[in-house]
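K.L.:
Using the supplied hints, reconstruct the complex from the two chains, each of which is provided in its own coordinate frame.
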Amino acid sequence: MSFNNLDTLYRQVIMDHYKNPRNRGQIEGDHLSVELNNPTCGDRIDLQLKVDDGVVQDAKFEGEGCSISLSSASMMTQVIIGQNVEDALKMSQMFSDMMLGEEMEGYEFNLDELGDIQALQGVAKFPARIKCATLAWKAMEQGVEKEES
Amino acid sequence: MAILDHVRRDFPILDQHVNDHPLVYLDSSATSQKPQQVIDAVDNYYKQYNSNVHRGVHTLGSYATDGYEGARKKVKDFINAPSTKEVIFTRGTTTALNTVAYSYARANLSEGDEILLTKMEHHSNLIPWQQAAKATGATLTYLPLQEDGTISLSDVESMISDKTKIVAMAHVSNVLGTINPIKEVTEIAHRYGAVTVVDGAQSVPHMRVDVQDLDVDFYAFSAHKMVGPTGIGVLYGKQSFLNDMEPVEFGGEMIDFVNLYDSTWKELPWKFEGGTPIIAGAIGLGAAIDYLESVGMAQIEKHEHELVQYALEQMNTIDGITIYGPQERAGLVTFNLDDVHPHDLATALDSIGVAVRAGHHCAQPLMKELNVVATARASFYLYNTKQDVDVFVEGLKKAKEFFGDVF
Ligand SMILES: Cc1ncc(COP(=O)(O)O)c(C=O)c1O
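Protein sequences appear in the order of chains H and R. Residue 96 in full-length UniProt numbering sits at position 96 of the first sequence, with consecutive numbering throughout. Residue 82 in full-length UniProt numbering sits at position 82 of the second sequence, with consecutive numbering throughout.
Extracted from the complex, chain R is given alone in its bound form (with noise of 0.2 Å):
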């Protein structure tokens, strides 16, 4: 597990004491913590050459064109999607999928249709289909989670029909670590002329994701949860619908003509990019890749597995500890302690620098088949080392004991 200590000073943030202990960060499934190397790309743009993009002559403003575009061919590289059109630029993955919700679920369903979707959904991967199944007559159907949180493929292949239009899954569920079939899932999907829309928030920034293996239509993620700036994500998706969909903004940068009363719009992706673009968003998640990129997916990929798997194994050794999940997962860990409410847990972890999550994690649905109202979450990154497991388990022993007795 050494092989990445190194990164560790790669992350000033992490080098401080919170409540008089040094910070163990263990909530980068929420958002991740960026390198100096982020940092310093985000900071040199606007200290060097802050300009905007796709206009004017001068120099700067090639130099900010070329970053924003040279970000789009990194993002495009790093996916492997076939061609810088079908990667557009986002606020993040809750405005991508929102784009697939308006523009091609509101054009393409009609009465009768289905969505189909399972119910370990992020709410950004499920409300956006709420409001497209009541704006086109279409119905949501969901895939039941098995005793162990995964779905089974047969499930999907007994509850698919010739209604089922759209596909929509995490990739990573946000809540019980499950990596979700998503290569065969599609392949049923497609059988069955399908679309699939894969919430990619909390895969891509840590493992090898190449979006022409998995043939997904679909894919959306955040730069902020992979080492990259807040504000900026991704929208990938085939050419071959995003070509007949409508832009969901309208303005600046996204057309082509405009006259009196009727316009046409630029070629993809710039057309779903109304608006001045997310200049130094989007060359701060180029820096993002080439630092996971430097460091190497698969290593973190291996890293984060040896942790969670590490931080399991500890875990299971406490009384009265539920972890929900599968035990193949990626590296996040949700549990609840008996007798100890996760709000009160997170804020004795907290009390000795350990961040938690604590809450819903923006997955109620999920919380009531799971029967809790809340749930305590620990998620690891590249930069979490074995000690900070051991902190985080030795916190959650202090805490059993520091409330067993105030009980």
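Chain H extracted, bound-state conformation (with noise of 0.2 Å):
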């Protein structure tokens, strides 16, 4: 009996980001924020978004949850700040088409752009924890949402 294949999905990468969040905490002044939970097992994350000028200047989150659901929204945070609106909602799509396990084709960036993310490739395998992974980005998209209308 042996966990072998488990690393495939619990990389080093997802890990640190786990133990270690990025950008976990309250943004200070002006912004807008989500609450998103996954129903059926407690994950719960509030997202916080400072967007100018079409712009995610700030990022940050808070919540609980298990390993994949709070290392992908610290890995997400990293990588859309400083992107306009409009490439960050086309990351959460290249996202969701990578969960699927999904050819990413079409996109402009490659998958090297979307940074330590990469490391969650493994969860396509893992149905299951599909939603773990995408909720921080639901969030994201949410709160984008909000800010257009």
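Read the hints as simulated data drawn from the structure, not as lab findings. Wrong hints could be hidden among the right ones.
Said to hold, decoys possible - Cut-off 25 Å, straight-line C-alpha distance, at most; resulting in silico cross-link-like pairs (DSS-like, lysine-lysine):
#1 K400(R) / K125(H)
#2 K400(R) / K131(H)
#3 K47(R) / K19(H)
P.N.:
Below is the structure:
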């Protein structure tokens, strides 16, 4: 009995983000926030975004959840800060394709630009965990929509 | 513990590998596996006598009606109901409890009345009462949970009053495994003129339940947790209440006379079974009861007791484990392992073929009470073995190591 195939899921980078989350906390001053939870399992994320001139200036999160949901949130904040809203949404789409195990074609960025997020590719093979990985991204999409409306 | 080893062979699904490891199914509280006998009963119905019930005069129709009503008789005997009129087939526990909340509670509650609940209820025995309270102006009151995850009868005595019209609680908690003293609670409730509504989803599959001995007014359970099919369950209710209650669903099968502007209902239990009933499901439930009886409810209860006590003993040897609920409990253990989120733990166990549940187990208020966001749960049934427990506990130790290393 061994957990060999677990290594494809729990990569070192993921564990690092889980243990040392980046951008965890509260944005001071003007920002918008979205709280989402995963009702079947109790994961919760409170994502805060500061969007000015169509650009994500800052992103922070709070919440509780498993290693996959929290590391995904941490990685996401890292990569979307500094992106314009349109690109952030495209990345979200790309991430969703990645989770569905689909070809990530037709995007102007390549995987490398998603940084640490590539490490989450293994989640695609664990269907029960995809919702954990996409929670933060869904919160981001909702936040950006809020900003636009 | 060898007594029940033979039953494993009756469950074809257990004979498989998951992620290259023999399946160890420890999620029977969510839904149980089905023996060949139940699968065959449903299969035979569809292959040999599929027909609608209570209609027409043809031969297959009467076979189907006999199968369906025969299952009702089996349920009546199984829970020792006084009459088949008091056995209503529903979609499951949830629908059964909602039927009482709609039909009984809305008609009998008014402002100032109270519904007494516990803090360990499954959402199915909680939200229907919240909704009924909102609709009638009644209020919900909650019995506190004691340190060990039980309720105390002295709290029941002190919280109940003439204002209490309904006392609703689980017979067995799906999270804590607590076995609530339903007979004693019912005796207190009746002294105050309140009715008891009991969620038997986690009790009927695992122990002998006698509704007359308990003297409960309403009792609900689901077939799929007791080796039967999904999509069918039972509401038992005392005739004296059911007679006065209005149906919740109207349509075919439940009517007596239909006129242009008014109609009358069939007698019990059919007035609560609008539409073509769950025929295959009921026949499957009947076969499930035959199966459980052939093994023996006392045997099943004893077997699970031994398994869960063994599991508790083994799990308690693991550093950093927190186990929720009392020592004396039904066959399930809800727990957390320090520094390993229950989802991660469940994924790790799944990778070696062990199926456990992770999450809030449809009991969010209880999770708050326990001060956790999620927990993992292993639950046992007649087909589980001591070896299953060993594989599971070994898996817990490995998971602790694995996540300890990667952290
Ligand atoms: C204690 C308890 N009550 C109610 C239910 C709901 O049962 P069902 O989903 O079959 O309606 C369950 C099942 O999860 C349960 O464990």
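K.L.:
Confirm or reject each hint.
P.N.:
Verification of the hints:
Using a Cα cut-off of 25 Å, the hinted pair K400(R) and K125(H) holds, with the two alpha carbons roughly 22 Å apart. Note on K400(R) and K131(H): the hinted pairing holds, with a Cα-Cα distance of about 24 Å set against a maximum of 25 Å. Our distance criterion of 25 Å between C-alpha atoms is broken by K47(R) and K19(H), whose separation comes to about 57 Å.
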